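For the sequence shown, the UniProt record's numbering begins at 1 and goes up steadily by one.
Don't take each hint at face value.
[What the hints assert, rightly or not] Pairs of lysine-lysine, BS3-like flavour, derived with a Cα cap of 25 Å:
# : residue 1 : residue 2
1 : K962      : K1066
2 : K946      : K1012
3 : K1146     : K1245
4 : K1229     : K1023
5 : K948      : K1012
6 : K983      : K1094
7 : K197      : K187
8 : K1066     : K948
[Stated by the list, open to error] Cβ pair distances, simulated, as ranges:
#  : residue 1 : residue 2 : range
9  : V611      : A810      : 43 to 53 Å
10 : E514      : L1045     : 49 to 59 Å
11 : D1167     : L816      : 28 to 38 Å
12 : D1236     : A1186     : 16 to 26 Å
13 : M1138     : S630      : 38 to 48 Å
14 : P1159     : E1190     : 19 to 29 Å
15 : K946      : R916      : 19 to 29 Å
16 : P922      : K562      : 54 to 64 Å
17 : E1041     : R808      : 57 to 67 Å
18 : R808      : A627      : 22 to 32 Å
19 : I764      : S1013     : 57 to 67 Å
20 : I764      : R1158     : 18 to 28 Å
21 : R808      : K946      : 52 to 62 Å
22 : L1045     : W950      : 26 to 36 Å
Hints in this document: simulated from the structure, not taken from any laboratory.
These numbers come from a predicted model, not from an experiment.
Note that beta-carbon positions come from the ideal geometry of N, C-alpha and C, so glycine has one too.
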Amino acid sequence: MHLNITNWSSSISSNDISIAESMIPYNGRYPIQQSARAESLRWVYKSWVAASCNGYVYNIDFIQGDNMERDSLNKYKSTYGLSGAMMLEFIDHIEHEYSDRKFELYLDNSFASFKIIEELEKRGHGVTGAIRDSNNCPFTERETFQNYNQGSLEYFLDKNRNILALRWKDGNVITIASNQHGIKPMKKIEQYSVTLKKRITLNVPFMIRRFNSHMDGVHRLEANLSQLGISIRGKTWEFSIICFLLNVCVNNSWIFARQGGYKGDLLEFTRSLVNHWLITYGKFSKKRDYQLIKPIVKKTYKLIPDIRKMAVKLKKRALAEYHHSSTITETECNPEPLKKSKKLWMRLLLRQSEDSARSLLPNPSLLSPRELSMYAVNLSGRLSLLSSEEIRDSLVKLSDLLDSSENEDVRSQICGILVIIIGRTPATLKKWTALLKEKAESSWFSVLKNEKKGSETIPKILHLYATLYKLHPPLISPKVHNLALERLKDPDHDVQAKALILLGHTAGLQGHKEEVVSLIAQYTKSSDPRVRSQAFETLLIIHETLSPLNIEFYKEMEGALKDDFDRVRGNCLKLISAMSRVYPDHVLRNKEELRLADDAFSKICEGFNDVNVHVRELAASLIGNNARVSQLFLEQTLDKKLMSNMRLKKSAHEREAKMVSAGEWSSGRNWADDAPKEELNAETVSLMNFGACGAFIHGLEDEYMAVRSASVDSLTKLSIENSKLAMLALDFLVDMFNDEIEMIETILSALDDFSFVVREKLHIMLQSVCIATKDGLQRVINKLLENLKKYPQDKRSLFVTFKKIGARHAELSLPLVTQLLEVHPFFDTPEPDVEDSSYIYINTKRHYQYLVDTFPNLVPASFDTKGCVKEEYDDGSSSIGTKFLSQVLHRVKISVSRSINERITMADRACVDLERLASIEPPKSSSAEFARLYILSQSLFFKCLKTKFWVNNSVLGIDMIKNNIDTMFKICLQLRHRFRVPKDSVLHKRIGELKLVVMALNLLFIVRASNKSALNASEMFMKEMRRVISSYEDEEGNVKEDEILSTSPFLYNLLCKLNEEKEEHKPGVIARVVQPLLLSDPIESLQEWPTDDKSITMTKAVIFDPPGNNEVALKYTAGMVLAVPVDAELYGVTDEDMPNIRLSIKTPDQKILMVTPRPSEFFKKDDHTYRLLTNALMSHQIWSEAMHVEISLVLDLTGLSEPSSSHSSSSSSHHSTPKRKKAIQDEEKNIIHISDSVKVYVLPKAVKRGI
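With the hints as constraints, model all of the structure from the sequences given.
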């Protein structure tokens, strides 16, 4: 039995869909009836419901047991079970109806599993669902976890399947997995604790809150039906199902009516509907008096506020967020740092308890093989939470257990865990090289030596040695190499493969490389294809890491190209490509002399004819690395005439030569076929006789996109270094659009594509092409104008395209002037609309000033006398800007000998000059802004020293010093996280030293001019000092004192003074040391400045939409959500910055909302350049008048930065205005604005109520 809402085009209006079970009570007996022992009902019909978040039902299907037979179910039932198959059947339906949309699904534990989430991840849908314990989640047992404190949390991340699972303890233990939501941002929730008998504050993960808020759809439906559903008991089994479906239809109608403006509740709507049915279709009996249901006038029922509480009772979801009395504060939760390790507080804690790190290290000897496997899964994602000492302890325990355990499965699992530890923590293990060498020569070696043949431990421990050698080669002794040679005789293919890998890394230990290579070469002819494949891969490792192979091996690889196993053919192609790069000019003498580079190129081209798609893709990618191939061979890869049906087609010269050598007479079929031909020199003809001519032709027309993409990439690499090949390849690349090159309409048809990514890529291509004819240019212009009308959001990209097309085709644009301007030579045309953007751009001269102010990046700032555009940033202006920047820095540097007042004046003037330089020369903006911030910190530093606060701590001076120190801390935060400076440069060290000087000034201020504790400030100062000193250490860990003395006198003198102090480094002692140093060795000036502008990059963003300062206010209903589309471009963004980018929305009441964009809303345009397309969601109560809301892009470094100063408050919610302003300032300390604020005129209006 199946009910489906057929009007799909209007029913699914939201991308959020909740799927859960729904119970229909029935006390009779029927085969499809099921027992619901865990529910409040005894016997029920079970159905699954797909609904929106407000309870609008999209789909209902009744669960009839395993005997349900439908073709659409059978294809999924064996893999995903009955519930999974029913849900995937629904997903197939909506994907067919909405092929261009992706949905966010929220599933209860009847439908959610890791297989389901993985399948929907492949389809591109977001999934969040409750997971049962039967899914084998690597968490603590539910009974044990139930005894943990309320609010405890465990999680693990499966990177291969992109699934994050967490277990959270509230009233009950809940396990949720998702591929779209994470744990942050966490928020605080107040709830009553039954155990503690008081209200407590819990940190609720974002995934839990999102799941609870979006699973309300089915709960709302059940709550409405339980209160106002049909309660008449029927005598037949189907009556309760029919009543249920009728109630669902009434519920959907009521929700649909409310979207259209209906104000009544469900009870009033139901009574009105029944009245209408009775009046329209009812028949009155003469024996009884009927009275219509009176409409409700005064008494109303509030259904929605109690829905969450009802959902808890119905589904037993004992979560605190559903409690109607819970209050949520809008402050984000930042976990407090643990004192054991700095890394622990920088990431999410595994569990909010004191022994969270130790819980990762159980005693391995007490674990079974299955528990060890789960331990390995947990450890792979949590190694970053362990300190180096804990990793060392785990290595010792596991190695001892590996040597002492008699269980083969336990030893095999331990080897896998050791591989994970060594492979994931190479930097940490450098401290324990002696321990690793001891274990590798004792316990590990004894296990490898004494293990019997056929054991699963042997390949694991060989893989362990190979992993150790790749990271720490000196730790492997020659006896391990000899033992690997013995294990190579093992008949098991896995043991042979792992032994070959280890021999490939250790071939040069004893100086017998040639013997080892010969031995490995013998295994290239093994009967097992997996061993043959690994043998070729091992030879490739030796060739690339140790020394090149002998040229004789090249001749033996020709037969391997015809191997039956695709991996053997692929590894052989890799080895041929590697040898051709080492011996490109070696001459092969077979039938004719041929360079090895050309012969290898021909063999790789044969890979385009391979049956396997992976081999063809590999050949297409390798062919681009052979840059030293002869020109004739390169050109023949694009020759269509020489290849037919994937076989070599002989040329006319070869056919005639064969005829003459055979001594045949003229056939007489062709006119003058016996006439003498022109004589050709045989040395001038060089063809590839390997069936690979025209390889790129087949690569560009391959049925698989991966092969075509790899062919285009390789052709691009070769064309960059070969201009002749580039000219030949251009026609074939354009031919990929259509068989006829002249059909420009085929290429321009992509402008009608719905995806803006496709349209913008075509815009970029049109900016670079050269159009040959005037008609072709006119067709391009007309199509772009149609694109502008159809997709107005492409205006910015189209205007840039028009600008570059016009610059490249000035001669062709001249005959089109009258058509483009729509000017008739005899008659004046009607005046166009001024609001038409195309009219304004055509009449550029008339609206020139407007265009300069509106689009300064498209319109030049000035013209010369002949009307030609002046180049804005040529080499001359760039050199002038560099010279001016150097002069400004030199003036600041020579002001060291002057008084403090003069130095402050000089620094302030330099800041003004650098700010102006950044505005008029964009290429210098990053360097000028970096120098401006650094010099501004110098100015603030001198202003603080000028007050001499350690002598006279007046009230006015204290407030000014506090503000200056906070500003300097924020500057240090910007210099460290917003700018990209080479790590080995002096500027990078200057940033750390600046932070150290500011922290010293802050510590002196707290000790001398305040009555607050300075313990935290002194501890942070010592940590920062150790971090700065580590930047002056060499590879062996020795400190370069000479470099410190020449670079930072303040740090050198600080170290000397602290070493002379006999007392403990308490705040008072440190303040006494740094006070004279701050006066004698202040902040160092910028001396060595890089000449390359690209050496310093700055993270910045530009918001194009909304443009801001809109005259008409954006109105929306108070309490609802307003979505403002945001289109921005981000420059200088790295992968580390992406998770920290936020959309800041500041309302007039000084509230700041941080919105995290989804990763799918970022589109990469270039290296470190992204485009962001998202919506700024805002909601507020009623305003008396329209006001501006500021929207900007920021970097939120709250979770990365350390507390800067101890005098800053940690509270984030206050009642009084001064405290509230102070809290806002404290929250903004870790926020870096990377774009200018855009003001949007907004008006939340009151709700219109009916009569």
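Do the hints match the structure? See the list:
1. In summary, the hint linking K962 to K1066 is supported, as the alpha carbons are separated by about 22 Å, within the 25 Å threshold.
2. Annotation: proposed proximity of K946 to K1012 holds, straight-line Cα distance about 23 Å (limit 25 Å).
3. With a C-alpha separation of about 19 Å, the suggested pairing of K1146 with K1245 holds against the 25 Å cut-off.
4. Among the hinted pairs, K1229 with K1023 is consistent with the structure: their alpha-carbon atoms are about 20 Å apart, no more than 25 Å.
5. A hinted pair counts as satisfied when its Cα atoms are at most 25 Å apart, and K948 with K1012 qualifies at roughly 19 Å.
6. The suggested pairing of K983 with K1094 holds, with an alpha-carbon distance near 14 Å, which does not exceed 25 Å.
7. For the given pair, K197 sits about 22 Å from K187 by alpha-carbon distance, which is consistent with the 25 Å threshold.
8. Simply put, K1066 and K948 have alpha-carbon atoms about 22 Å apart, close enough for the 25 Å limit, and the pair holds.
9. A beta carbon spacing of about 52 Å between V611 and A810 agrees with the range 43 to 53 Å that was offered as a hint.
10. Between E514 and L1045 the beta carbons are some 52 Å apart, a value that agrees with the proposed interval 49 to 59 Å.
11. For the hinted restraint 28 to 38 Å between D1167 and L816, the CB-CB distance of approximately 36 Å keeps it satisfied.
12. For the hinted restraint 16 to 26 Å between D1236 and A1186, the CB-CB distance of approximately 22 Å keeps it satisfied.
13. At roughly 45 Å, the beta carbons of M1138 and S630 sit within the given window of 38 to 48 Å.
14. Take P1159 and E1190: their Cβ atoms lie about 25 Å apart, and the range 19 to 29 Å holds.
15. Checking the proposed 19 to 29 Å range against K946 and R916 shows it holds: the Cβ atoms sit about 26 Å from each other.
16. Distance hint check: the CB atoms of P922 and K562 are about 58 Å apart, consistent with the given range 54 to 64 Å.
17. For the hinted restraint 57 to 67 Å between E1041 and R808, the CB-CB distance of approximately 59 Å keeps it satisfied.
18. Taking the beta carbon of each, R808 and A627 are about 29 Å apart, inside 22 to 32 Å as hinted.
19. Range check, I764 to S1013: about 58 Å between beta-carbon atoms, so the 57 to 67 Å window is met.
20. For the hinted restraint 18 to 28 Å between I764 and R1158, the CB-CB distance of approximately 24 Å keeps it satisfied.
21. A beta carbon spacing of about 58 Å between R808 and K946 agrees with the range 52 to 62 Å that was offered as a hint.
22. Taking 26 to 36 Å as the suggested C-beta distance range, the pair L1045 and W950 conforms, at roughly 27 Å.
Against the hints set out earlier in the document, no violation occurs for any number.
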